[in-house]
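Protein chains: 2
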Amino acid sequence: MSTLSNSRYHHGNLRQALLEAALVILAKEGEAGLGLRDLARAVGVSPAAPYRHFDSRAALLEALAVTGFQRFTARMEAVAASEPDNPLAAMGKTYVVFALQNPNLFRLMFSPQLKKAARPGLAMAADAAFDTLRRVVSDSSAEGRIKALSAWAKVHGLAVLLLDGQIAIGAGEDTEALIAEIISSL
Amino acid sequence: MSTLSNSRYHHGNLRQALLEAALVILAKEGEAGLGLRDLARAVGVSPAAPYRHFDSRAALLEALAVTGFQRFTARMEAVAASEPDNPLAAMGKTYVVFALQNPNLFRLMFSPQLKKAARPGLAMAADAAFDTLRRVVSDSSAEGRIKALSAWAKVHGLAVLLLDGQIAIGAGEDTEALIAEIISSL
Numbered sequence: 001m002s003t004l005s006n007s008r009y010h011h012g013n014l015r016q017a018l019l020e021a022a023l024v025i026l027a028k029e030g031e032a033g034l035g036l037r038d039l040a041r042a043v044g045v046s047p048a049a050p051y052r053h054f055d056s057r058a059a060l061l062e063a064l065a066v067t068g069f070q071r072f073t074a075r076m077e078a079v080a081a082s083e084p085d086n087p088l089a090a091m092g093k094t095y096v097v098f099a100l101q102n103p104n105l106f107r108l109m110f111s112p113q114l115k116k117a118a119r120p121g122l123a124m125a126a127d128a129a130f131d132t133l134r135r136v137v138s139d140s141s142a143e144g145r146i147k148a149l150s151a152w153a154k155v156h157g158l159a160v161l162l163l164d165g166q167i168a169i170g171a172g173e174d175t176e177a178l179i180a181e182i183i184s185s186l
Numbered sequence: 001m002s003t004l005s006n007s008r009y010h011h012g013n014l015r016q017a018l019l020e021a022a023l024v025i026l027a028k029e030g031e032a033g034l035g036l037r038d039l040a041r042a043v044g045v046s047p048a049a050p051y052r053h054f055d056s057r058a059a060l061l062e063a064l065a066v067t068g069f070q071r072f073t074a075r076m077e078a079v080a081a082s083e084p085d086n087p088l089a090a091m092g093k094t095y096v097v098f099a100l101q102n103p104n105l106f107r108l109m110f111s112p113q114l115k116k117a118a119r120p121g122l123a124m125a126a127d128a129a130f131d132t133l134r135r136v137v138s139d140s141s142a143e144g145r146i147k148a149l150s151a152w153a154k155v156h157g158l159a160v161l162l163l164d165g166q167i168a169i170g171a172g173e174d175t176e177a178l179i180a181e182i183i184s185s186l
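So the sequences go chain by chain: A and B.
Heads up: the first sequence begins at 1 in full-length UniProt numbering, then just goes up one per residue.
Heads up: the second sequence begins at 1 in full-length UniProt numbering, then just goes up one per residue.
The hints are simulated quantities; they were obtained by calculation from the structure and are not laboratory data.
Accuracy of the hints is not assured; some may be wrong.
Straight-line Cα separation of at most 30 angstroms, DSS-like style, residue types lysine-lysine; simulated pairs [stated by the list, open to error]:
| no. | chain 1 | residue 1 | chain 2 | residue 2 |
| --- | --- | --- | --- | --- |
| 1 | B | K28 | A | K115 |
| 2 | B | K147 | A | K147 |
| 3 | A | K28 | B | K115 |
| 4 | A | K147 | A | K28 |
| 5 | B | K115 | A | K115 |
| 6 | B | K115 | B | K28 |
Construct the entire structure; sequences and hints are all you get.
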């Protein structure tokens, strides 16, 4: 693809275009395929243009993880609102399905390489996801925190075990039904 | 270290010596530090000697994961037997503590790179760990499987979230006490 003029992107639009293109590359090729120069080529801007929005590859990965958490939280909030009878089970299933549908993004969001302690924006986006769970599970007491951590551990573990191919799924077995059965014991 | 005569190892002893040395290297340096030649040097045998026991680096990693599962299962069986009143909580805590004490070994045991479907020995060792959990949780019915998967998902998720630094531990908070509280809701 030829490098088009950067002027087709208004300020802000280029950042969004870069993030969208990066999400596509991440989904197809994994984190290893993501470089700022390749991204510039994919979006059709000069090699230097992405640096106006992302200082480094690490900054791009952080922005992708933040975007991932925002979409993840929005999806969990929407499903909790739409299933008021059992919001916890609905959120749990959404958590696991999100991971299976977006494996590379999910791994990036929870990558130990992206240290949340050193990245306030990422920590805030991750906390918002946990707060959504906590509001549904219980109040803000210490006991409520334990309950929310317990529910989180279960859905996260199920997502990771399925992503990593650790749970033996029988031939013809319906993975979504299995997820629903395991989650329903929340 | 100078290369000693291979004759100091009887058949079988060398394999065991290589595995023990590899476990130490894995714990200290992670998987990246493990090569068959480095291992030969660490044990003090000729560079070719490890190949009599392990065809390849992948075979060594598989043997380490099998050893990990055997020790993990033995520890869980011992703790379940010693705490008959609440074997599930005891096993759950042991699961998470094993992961935190042996992070690199735990990651290797559950690595998606070591495909269990293609490695019957590894699949058998992993199944033995799951069977230990399943015997404690319930019978061998379909419902028992769901209960066991549910308990597994929870302890695995807690282990992974703690290993990856995703759960915010307050200053002065006791991690083992937190684990026990979360597990006790099993």
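Check: Between K115/B and K28/B, is the straight-line Cα distance small enough, at 30 angstroms or below?
Finding: holds (24 angstroms)
Margin query: Check the hint pairing K115/B with K115/A against an upper bound of 30 angstroms on the C-alpha distance.
Written below: holds (28 angstroms)
Check: Are K147/B and K147/A close enough, with their CA atoms no more than 30 angstroms apart?
Finding: holds (18 angstroms)
Check: Given the hint that K147/A pairs with K28/A, does the C-alpha gap stay at or below 30 angstroms?
Finding: violated (36 angstroms)
Next item on the list: For the pair we were handed, K28/B and K115/A, check the Cα-Cα distance against 30 angstroms.
Entry: Cα-Cα ~21 angstroms, so holds.
Check: Is the hinted pair K28/A and K115/B satisfied, with a Cα-Cα distance of at most 30 angstroms?
Finding: holds (21 angstroms)
Violation of the numbered hints given earlier is confined to hint 4; every other hint is satisfied by the structure.
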